[in-house]
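**Q** With the hints as your guide, set chain B onto chain A.
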Amino acid sequence: MISDKVLDATGLACPMPIVKTKKSIDELSSGQVLEVHATDKGAQNDLTAWAKKTGHEILDSKEEEGIYKFWIRKA
Amino acid sequence: MSNKLAIIASNGGLFDAYKVFNIATAAAATDTEVAIFFTFEGLNLIHKEAYGQLSMPVGKERLEQGFKAANVPSIPELVSMAQEMGVKIIACQMTMDVMNLKKEDFIDGIEVGGAVTFLDFAQDANVTLTF
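Chains as they are written, first to last, in full-length UniProt numbering: chain A, 1 to 75; chain B, 1 to 131.
No wet-lab data here; the hints were simulated from the structure. Warning: the hint list may mix true and false statements.
Said to hold, decoys possible - Here are the simulated distance ranges between beta carbons:
{"hint": "1", "chain 1": "A", "residue 1": "29", "chain 2": "B", "residue 2": "77", "range": "43 to 53 Å"}
{"hint": "2", "chain 1": "A", "residue 1": "1", "chain 2": "B", "residue 2": "15", "range": "19 to 29 Å"}
{"hint": "3", "chain 1": "B", "residue 1": "59", "chain 2": "A", "residue 2": "58", "range": "40 to 50 Å"}
{"hint": "4", "chain 1": "A", "residue 1": "10", "chain 2": "B", "residue 2": "109", "range": "27 to 37 Å"}
{"hint": "5", "chain 1": "A", "residue 1": "52", "chain 2": "B", "residue 2": "68", "range": "25 to 35 Å"}
{"hint": "6", "chain 1": "B", "residue 1": "48", "chain 2": "A", "residue 2": "10", "range": "31 to 41 Å"}
{"hint": "7", "chain 1": "B", "residue 1": "41", "chain 2": "A", "residue 2": "63", "range": "36 to 46 Å"}
{"hint": "8", "chain 1": "B", "residue 1": "105", "chain 2": "A", "residue 2": "26", "range": "40 to 50 Å"}
Unchecked claim - To list a few chain B residues with every Cβ distance to chain A over 10 Å, as calculated:
{"hint": "9", "residue": "22"}
{"hint": "10", "residue": "30"}
{"hint": "11", "residue": "31"}
{"hint": "12", "residue": "41"}
{"hint": "13", "residue": "56"}
{"hint": "14", "residue": "62"}
{"hint": "15", "residue": "85"}
{"hint": "16", "residue": "100"}
{"hint": "17", "residue": "102"}
{"hint": "18", "residue": "104"}
{"hint": "19", "residue": "108"}
{"hint": "20", "residue": "109"}
{"hint": "21", "residue": "122"}
{"hint": "22", "residue": "123"}
{"hint": "23", "residue": "125"}
For each residue, glycine too, the CB sits at the ideal point set by N, CA and C.
Extracted from the complex, chain A is given alone in its bound form (with noise of 0.2 Å):
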């Protein structure tokens, strides 16, 4: 999947990973889509939590090598 920017947060615990998605979707317009790359475990049901509450679009996600990526789009 195309994405415009990606987000590198492996190796950082909670709350690190979503504290950098939300400063890398600040940087983005809207419709844009980040790539965020994570290992905290954690991750996959926070991010998911928090593009729930802050009403960006998960395009996708997948585990690849103990890495966890999602596609999101800037709502």
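**A** Only chain B this time, still in chain A's reference frame:
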């Protein structure tokens, strides 16, 4: 529905600091307005000299290794992120007077206020937490 989180921080150990600032930064990153009222031992968490060397509970010192391994940010890092995202920090005037502390003893960017300053914010918060 309002989107406000009100926190009372009244304990001064390292674990207490993580509980307070993890929730506060996560909430601020989720478009929530956050205010924290620091009172009694909670003042440690924003005290210039204390907040970088908060202690673990007795007997839990071995967890220091776990914090490093998990790559958990330091408390000063979390505090500055919280402030950057607009988390409002209120230090309790009464406790400061009792402990003979001045505003200058604390990190920059805080407010000093009484219980009503916090209550005014907490009045219409939809989540209130105490640590």
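**Q** With reference to the structure, classify each hint as holding or not holding.
**A** Taking the hints in turn, this is what the structure says about them:
1. A:29 - B:77: 43 to 53 Å: Once the Cβ atoms are compared, 29 Å apart, the range 43 to 53 Å for residue 77 of chain B and residue 29 of chain A is violated.
2. A:1 - B:15: 19 to 29 Å: 40 Å, violated
3. B:59 - A:58: 40 to 50 Å: 41 Å, holds
4. A:10 - B:109: 27 to 37 Å: 31 Å, holds
5. A:52 - B:68: 25 to 35 Å: 33 Å, holds
6. B:48 - A:10: 31 to 41 Å: At 33 Å between Cβs, range holds.
7. B:41 - A:63: 36 to 46 Å: 41 Å, holds
8. B:105 - A:26: 40 to 50 Å: Hint violated: Cβ distance 33 Å, outside 40 to 50 Å.
9. 22: 5 Å, violated
10. 30: About 5 Å separates residue 30 of chain B from the closest Cβ of chain A, which leaves it inside 10 Å; violated.
11. 31: 5 Å, violated
12. 41: It holds; residue 41 of chain B is separated from chain A by about 23 Å at its closest Cβ, greater than 10 Å.
13. 56: Its Cβ never comes within 10 Å of chain A, the nearest being 17 Å, so this holds.
14. 62: 18 Å, holds
15. 85: 8 Å, violated
16. 100: 34 Å, holds
17. 102: 31 Å, holds
18. 104: 29 Å, holds
19. 108: 20 Å, holds
20. 109: 18 Å, holds
21. 122: Non-interface label on residue 122 of chain B holds, nearest chain A Cβ at 20 Å vs cutoff 10 Å.
22. 123: 22 Å, holds
23. 125: 15 Å, holds
Violated hints, listed in ascending order, are 1, 2, 8, 9, 10, 11, 15; each of the other numbered hints is respected by the structure.
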